[in-house]
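**Student:** Chain by chain, the residues run as shown.
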Amino acid sequence: MFRPRMRVIPEASEGLKACAQDILGWLDGQMGDNQWVCGDRFSLADILLFCFLDFAQSERVNQPINPDHKWVQAFYERAKARPSANM
Amino acid sequence: MKLYQSVGPNPHVVRMFIAEKGIDVPMETIDVRGGENRQPGYLAVNPRGQSPALVTDDGTLISEITVICEYLEEKFPTPALIGTTPEERGVTRMWTRRIDLGICEPMANGFRYG
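Heads up: the protein sequence lines correspond to chains V and Y, in order. All letters in the first sequence, in the order written, are residues 1 to 87 by this note's numbering. All letters in the second sequence, in the order written, are residues 1 to 114 by this note's numbering.
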């Protein structure tokens, strides 16, 4: 879908997906007991992370949350439960 | 004020931010799957051809999702979604940039290039 609209780099596709997972893994390890990315307060950082995780869960995008990333999985469920998540 | 929006994670971020703020922003949906964003009509709105895009009350184009959100935070400060002190705002912006550059960009390009 994107090829006629912009430069695409097919050979980079798998590597880029792996890069995203690397940083998700790093973030997972940083979050400790945080409810949200910045601690107790819900912020733009959470909205950004949630919406892209949500996009990634679809069959078409197929970059599901790694089961080892326990904080990320719990965060995703918490954010998805907010009424704003379905807008 | 009007938000041009569509399917995709980027418009979702702005719609969710707007919903968290509890504000009403008129929206127009464009058909990105059909390529409407690359047609002259939409390029006249946002020459970059990307969705979403905000046009302010005085006709100024603001695009780029984190920037649209910063603008809305300035216009509608409560509830705060970026922060109420310089330190809070610094921390939010740090994490937003880490997530954007480290996760969202490679994730989205991994999808687009595949």
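Among the hints, a few may not be true.
[Said to hold, decoys possible] Chain V regions said to be covered by chain Y (calculated; three or more residues, Cβ under 8 Å):
#1 5-12
#2 23-29
#3 37-50
#4 63-77
[Claimed, not checked] Not everything, but these chain V residues come out facing chain Y in the computed CB check (under 7 Å):
#5 F2
#6 L16
#7 K17
#8 C19
#9 G32
#10 F55
#11 A56
[Claimed, not checked] With a Cα cut of at most 27 Å, we get these calculated DSS-like pairs of lysine-lysine:
#12 Y:K75 to V:K70
#13 Y:K21 to Y:K75
#14 V:K80 to Y:K2
#15 V:K70 to V:K80
#16 Y:K75 to Y:K2
#17 Y:K2 to Y:K21
Rather than coming from a laboratory, the hints here were simulated on the basis of the structure. The beta carbon of each residue, even a glycine, is placed where N, CA and C say it ideally should be.
**Student:** Now tell me if each hint is right for this structure.
**Tutor:** Hints versus structure:
A count of 6 residues in the stretch 5-12 of chain V with a Cβ less than 8 Å from any Cβ of chain Y is obtained; the coverage claim is therefore met, three being the minimum. A stretch counts as covered by a chain when three or more of its residues have a beta carbon under 8 Å from one of that chain; for the stretch 23-29 of chain V and chain Y the count is 4, and the coverage holds. For the stretch 37-50 of chain V, the assignment as covered by chain Y holds, since 11 residues bring a beta-carbon within under 8 Å of that chain's beta-carbons and 3 suffice. Three residues within the 8 Å Cβ limit are the bar, and the stretch 63-77 of chain V against chain Y gives 1, so the coverage statement is violated.
The criterion of a C-beta within 7 Å of any C-beta in chain Y is met by F2 (chain V), whose closest approach is roughly 5 Å, and the hint holds. The closest approach between the C-beta of L16 (chain V) and any C-beta of chain Y is roughly 4 Å, which is under the 7 Å cut-off, so the hint is satisfied. Proximity of K17 (chain V) to chain Y holds as hinted, the smallest CB-CB distance being about 4 Å (cut-off 7 Å). Evaluation of the C19 (chain V) hint against chain Y yields a held restraint, the C-beta minimum of about 4 Å falling below 7 Å.
The criterion of a C-beta within 7 Å of any C-beta in chain Y is not met by G32 (chain V), whose closest approach is roughly 14 Å, and the hint is violated. For F55 (chain V), the suggested interface contact is upheld, since its CB lies about 4 Å from the closest CB of chain Y, less than 7 Å. Interface hint status for A56 (chain V): upheld, as the beta-carbon distance to the closest one in chain Y is roughly 6 Å, under 7 Å. For a cut-off of 27 Å, the pair hint linking K75 (chain Y) to K70 (chain V) is broken: about 36 Å separates their Cα positions.
Taken as a hint, the K21 (chain Y) and K75 (chain Y) pair is honoured in the structure, with Cα atoms around 11 Å apart against an allowance of 27 Å. For the hint linking K80 (chain V) to K2 (chain Y), the alpha-carbon distance of about 26 Å falls within 27 Å, and the restraint holds. Pair hint K70 (chain V) plus K80 (chain V) holds up; C-alpha atoms about 15 Å apart against a cutoff of 27 Å. For the hint linking K75 (chain Y) to K2 (chain Y), the alpha-carbon distance of about 14 Å falls within 27 Å, and the restraint holds.
Only pairs whose Cα atoms come within 27 Å are accepted, and K2 (chain Y) paired with K21 (chain Y) is accepted, the gap being roughly 16 Å.
Hint compliance for this structure: hints 4, 9, 12 are not met, and every other hint is.
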